[in-house]
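Participant: Listed below are the residues making up each chain.
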Amino acid sequence: MAADQTMQILVVDDYRTMIRIIRNLLKQIGYEHVDEATDGSEALVKMRDKRYGLVISDWNMEPMTGYELLKEVRADPALSPTPFIMVTAESKTENVIAAKKAGVNNYIVKPFNAQTLKNKIDAVFAA
Amino acid sequence: MSSVEIDKLDRLVAFLRKKRGEHASIAEVTALAEVMADSMHDFYRMLHASLHTELKDIAEYIARMRGEIAALRPNELHRVHFPAASSELAVVVQMTEAATNSIMERAEAIMSVEISDLAAYKAFVNARLVAVIETCSFQDITGQRIAKMVEMLGQIEQRIARFAMATRAVDAEGYRSDQEAAAAGRKHQLMLNGPVATGDGNAQHHVDFLLGEGKPTVSQSEIDKLFA
Numbered sequence: 140m141a142a143d144q145t146m147q148i149l150v151v152d153d154y155r156t157m158i159r160i161i162r163n164l165l166k167q168i169g170y171e172h173v174d175e176a177t178d179g180s181e182a183l184v185k186m187r188d189k190r191y192g193l194v195i196s197d198w199n200m201e202p203m204t205g206y207e208l209l210k211e212v213r214a215d216p217a218l219s220p221t222p223f224i225m226v227t228a229e230s231k232t233e234n235v236i237a238a239k240k241a242g243v244n245n246y247i248v249k250p251f252n253a254q255t256l257k258n259k260i261d262a263v264f265a266a
Numbered sequence: 002m003s004s005v006e007i008d009k010l011d012r013l014v015a016f017l018r019k020k021r022g023e024h025a026s027i028a029e030v031t032a033l034a035e036v037m038a039d040s041m042h043d044f045y046r047m048l049h050a051s052l053h054t055e056l057k058d059i060a061e062y063i064a065r066m067r068g069e070i071a072a073l074r075p076n077e078l079h080r081v082h083f084p085a086a087s088s089e090l091a092v093v094v095q096m097t098e099a100a101t102n103s104i105m106e107r108a109e110a111i112m113s114v115e116i117s118d119l120a121a122y123k124a125f126v127n128a129r130l131v132a133v134i135e136t137c138s139f140q141d142i143t144g145q146r147i148a149k150m151v152e153m154l155g156q157i158e159q160r161i162a163r164f165a166m167a168t169r170a171v172d173a174e175g176y177r178s179d180q181e182a183a184a185a186g187r188k189h190q191l192m193l194n195g196p197v198a199t200g201d202g203n204a205q206h207h208v209d210f211l212l213g214e215g216k217p218t219v220s221q222s223e224i225d226k227l228f229a
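Protein sequences, first through last, are from chains G and Y.
All residue numbers for the first sequence refer to our numbering, where the first residue is 140 and numbers rise by one.
All residue numbers for the second sequence refer to our numbering, where the first residue is 2 and numbers rise by one.
Just so you know, not all the hints are guaranteed correct.
Claimed, not checked - Straight line, CA to CA, 30 Å or less: simulated DSS-like cross-link-like pairs of lysine-lysine: (1) G:Lys210 to Y:Lys188; (2) Y:Lys188 to G:Lys185; (3) G:Lys166 to G:Lys249; (4) G:Lys189 to G:Lys257; (5) G:Lys189 to G:Lys240; (6) Y:Lys188 to G:Lys249; (7) G:Lys185 to G:Lys240; (8) G:Lys166 to G:Lys239; (9) G:Lys249 to G:Lys231; (10) G:Lys189 to G:Lys210; (11) G:Lys249 to G:Lys189; (12) G:Lys185 to G:Lys257; (13) Y:Lys123 to G:Lys240; (14) G:Lys210 to G:Lys240; (15) G:Lys249 to Y:Lys149; (16) Y:Lys188 to G:Lys239; (17) Y:Lys123 to G:Lys166; (18) G:Lys210 to G:Lys231; (19) G:Lys239 to G:Lys189; (20) G:Lys249 to G:Lys185; (21) G:Lys249 to G:Lys210; (22) G:Lys239 to G:Lys185; (23) G:Lys231 to Y:Lys188; (24) G:Lys239 to G:Lys249.
To be verified - If you want the ones that stay clear, here's a sample from chain Y, every Cβ over 12 Å from chain G, calculated: (25) Leu13; (26) Asp39; (27) Leu52; (28) His53; (29) Ser113; (30) Ile142; (31) Gln145; (32) Val151; (33) Glu174; (34) Asp179; (35) Arg187.
To be verified - Partial list, computed: chain Y residues near chain G (C-beta under 10 Å): (36) Pro84; (37) Ala85; (38) Ser88; (39) Val92; (40) Leu193.
Since the hints were derived computationally from the structure, they do not count as laboratory data.
We put the beta carbon where it would ideally sit given N, CA and C, even for glycine.
Build the full structure now, drawing on both the sequences and the hints.
Facilitator: Encoded structure:
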């Protein structure tokens with residue numbers, strides 16, 4: 140299944156600058172409908188209010204991390220099917236394995252480029 | 002106690018034994034007290050000499066520690082260096098963020114502009130690219146600020162290393178407060194490692210492999226390491 144370019148994407152990062160970068164990269168690869176949240180708890184509120192086709196989240200945020208958000212999403216039957224990509228500087232093996240066990244769909248290590256973002260989104264929707 | 006004094010004491014004890022049950026005179030009690038006092042005086046003099054040496058050693062150790070602590074200049078670290086480092090870092094974060102946003106604004110303007118006239122388009126793009134180049138000068142200032150901090154950290158490191166060696170300090174285990182323990186626990190539990198040193202983390206192709214995608218490829222730098 141190819142990714143729907145009109146889907147709503149939720150970008151979660153505690154740095155506004157990073158959100159802006161991801162928003163611009165998404166625009167470059169054809170995704171215009173982007174919402175934002177600055178931590179996991181804000182993202183959860185938004186996700187319970189609106190259906191998103193994809194969540195792109197940082198790991199290290201306060202008060203709720205991206206890892207905690209992922210586990211909350213997977214534990215909630217209403218949110219559980221939402222594809223989830225982690226975009227983070229946390230590149231240790233233990234992080235990648237933990238995210239995989241928690242149900243992440245893909246994992247991008249910062250810094251990254253538009254092509255990597257596109258490849259990972261395509262891979263998530265091709266699976 | 003001298004042998005003369007021991008002899009005196011022996012004779013007095015023998016005398017008192019002999020007089021057991023009888024009243025001793027004031028002169029006899031006084032003589033006994035004098036001998037006792039003399040012998041105790043010697044005892045205290047010996048004790049005093051030994052204590053004096055111990056106390057002198059302790060005093061010298063404390064004076065040396067005070068000297069080492071003074072050389073560490075903890076008040077200066079606390080009042081000057083750490084606040085300065087903190088404010089320098091805050092400025093670096095602000096300047097970096099401002100520069101990034103400024104560069105992005107120009108890039109966004111170029112990406113969204115709709116000008117059909119080629120010369121006008123070229124002038125528009127050129128003006129924004131010049132602004133981007135100008136903004137990149139932030140690196141000079143942030144670089145200087147960071148260099149100052151690196152120098153300061155080097156000095157602090159030297160002072161602490163000298164202090165640790167001079168005092169033969171052994172690091173305490175555990176945490177200084179419940180707050181510190183809770184923060185460390187959260188970091189560990191949620192794997193909040195932050196960006197790792199070059200070579201410590203996984204590159205994207207390794208992450209892909211861990212997720213079951215792709216093949217275990219190695220980068221050129223990793224191949225170079227094998228031949229180093």
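Participant: For each hint, tell me whether it holds in the structure or not.
Facilitator: Against the structure, the hints come out as follows:
1. Straight-line distance between C-alpha atoms of G:Lys210 and Y:Lys188 comes to about 17 Å, which keeps the hinted pair within the 30 Å bound.
2. Of the pairs offered as hints, the one joining Y:Lys188 and G:Lys185 holds, with about 26 Å between alpha carbons and a cut-off of 30 Å not exceeded.
3. The hinted pair formed by G:Lys166 and G:Lys249 meets the criterion: a straight-line CA distance of about 18 Å does not exceed 30 Å.
4. For a cut-off of 30 Å, the pair hint linking G:Lys189 to G:Lys257 stands: about 24 Å separates their Cα positions.
5. A C-alpha spacing of about 26 Å is found between G:Lys189 and G:Lys240, which places the hinted pair at or below 30 Å, so the restraint holds.
6. Between Y:Lys188 and G:Lys249 the alpha-carbon distance is near 20 Å, which keeps this suggested pair within the 30 Å criterion.
7. A C-alpha spacing of about 24 Å is found between G:Lys185 and G:Lys240, which places the hinted pair at or below 30 Å, so the restraint holds.
8. For the suggested pair G:Lys166 and G:Lys239, the alpha carbons sit about 27 Å apart, so the restraint of at most 30 Å is met.
9. Simply put, G:Lys249 and G:Lys231 have alpha-carbon atoms about 12 Å apart, close enough for the 30 Å limit, and the pair holds.
10. About 19 Å separates the Cα atoms of G:Lys189 and G:Lys210, which keeps this hinted pair within 30 Å; it holds.
11. Our distance criterion of 30 Å between C-alpha atoms is met by G:Lys249 and G:Lys189, whose separation comes to about 28 Å.
12. A hinted pair counts as satisfied when its Cα atoms are at most 30 Å apart, and G:Lys185 with G:Lys257 qualifies at roughly 24 Å.
13. Of the supplied pair hints, the one linking Y:Lys123 and G:Lys240 is violated, its CA atoms being roughly 51 Å apart against a limit of 30 Å.
14. As the CA atoms of G:Lys210 and G:Lys240 are separated by approximately 10 Å, the hinted pair is consistent with the 30 Å bound.
15. For the suggested pair G:Lys249 and Y:Lys149, the alpha carbons sit about 27 Å apart, so the restraint of at most 30 Å is met.
16. Proposed proximity of Y:Lys188 and G:Lys239 is supported: the alpha carbons are some 19 Å apart, at most 30 Å.
17. The hinted pair formed by Y:Lys123 and G:Lys166 meets the criterion: a straight-line CA distance of about 23 Å does not exceed 30 Å.
18. Of the pairs offered as hints, the one joining G:Lys210 and G:Lys231 holds, with about 19 Å between alpha carbons and a cut-off of 30 Å not exceeded.
19. Only pairs whose Cα atoms come within 30 Å are accepted, and G:Lys239 paired with G:Lys189 is accepted, the gap being roughly 25 Å.
20. Distance check on the hinted pair: G:Lys249 and G:Lys185 sit about 25 Å apart at the alpha-carbon level, within 30 Å; holds.
21. A hinted pair counts as satisfied when its Cα atoms are at most 30 Å apart, and G:Lys249 with G:Lys210 qualifies at roughly 21 Å.
22. The hinted pair formed by G:Lys239 and G:Lys185 meets the criterion: a straight-line CA distance of about 24 Å does not exceed 30 Å.
23. Between G:Lys231 and Y:Lys188 the CA atoms are separated by roughly 14 Å; this keeps the pair inside 30 Å, and the hint holds.
24. Only pairs whose Cα atoms come within 30 Å are accepted, and G:Lys239 paired with G:Lys249 is accepted, the gap being roughly 17 Å.
25. Listed as outside the interface, Y:Leu13 is consistent with that label: its C-beta sits roughly 83 Å from the nearest C-beta of chain G, beyond the 12 Å cut-off.
26. The beta carbon of Y:Asp39 is kept farther than 12 Å from every beta carbon of chain G, the shortest such distance being approximately 77 Å.
27. For Y:Leu52, the shortest C-beta to C-beta distance to chain G comes to about 57 Å, beyond the 12 Å cut-off, and the non-interface label holds.
28. Against the 12 Å criterion, Y:His53 stays outside the reach of chain G, whose nearest CB is about 59 Å from its own CB.
29. Here Y:Ser113 does not stay apart from chain G, with its beta-carbon only about 9 Å from theirs, under the 12 Å limit.
30. Every Cβ of chain G is farther than 12 Å from the Cβ of Y:Ile142; the closest lies at roughly 18 Å, confirming the non-interface assignment.
31. For Y:Gln145, the shortest C-beta to C-beta distance to chain G comes to about 22 Å, beyond the 12 Å cut-off, and the non-interface label holds.
32. The beta carbon of Y:Val151 sits about 21 Å from the closest Cβ of chain G, which is more than 12 Å, so the claim that it is off the interface holds.
33. With a least CB separation of 23 Å from chain G, Y:Glu174 remains clear of the 12 Å interface cut-off, as annotated.
34. Remark: the non-interface label on Y:Asp179 is consistent with the geometry, its nearest Cβ contact in chain G lying 18 Å away (cut-off 12 Å).
35. The non-interface label for Y:Arg187 is inconsistent with chain G: the shortest C-beta to C-beta separation is roughly 9 Å, within 12 Å.
36. Here the hint on Y:Pro84 is broken, as its CB sits about 23 Å from the closest CB of chain G, past 10 Å.
37. Proximity of Y:Ala85 to chain G is violated relative to the hint, the smallest CB-CB distance being about 25 Å (cut-off 10 Å).
38. Here the hint on Y:Ser88 is broken, as its CB sits about 20 Å from the closest CB of chain G, past 10 Å.
39. With its C-beta approaching chain G no nearer than about 16 Å, Y:Val92 sits outside the 10 Å limit, and its interface hint is violated.
40. Given hint, Y:Leu193 at the interface with chain G, holds; its Cβ is 5 Å from that chain's nearest Cβ, closer than 10 Å.
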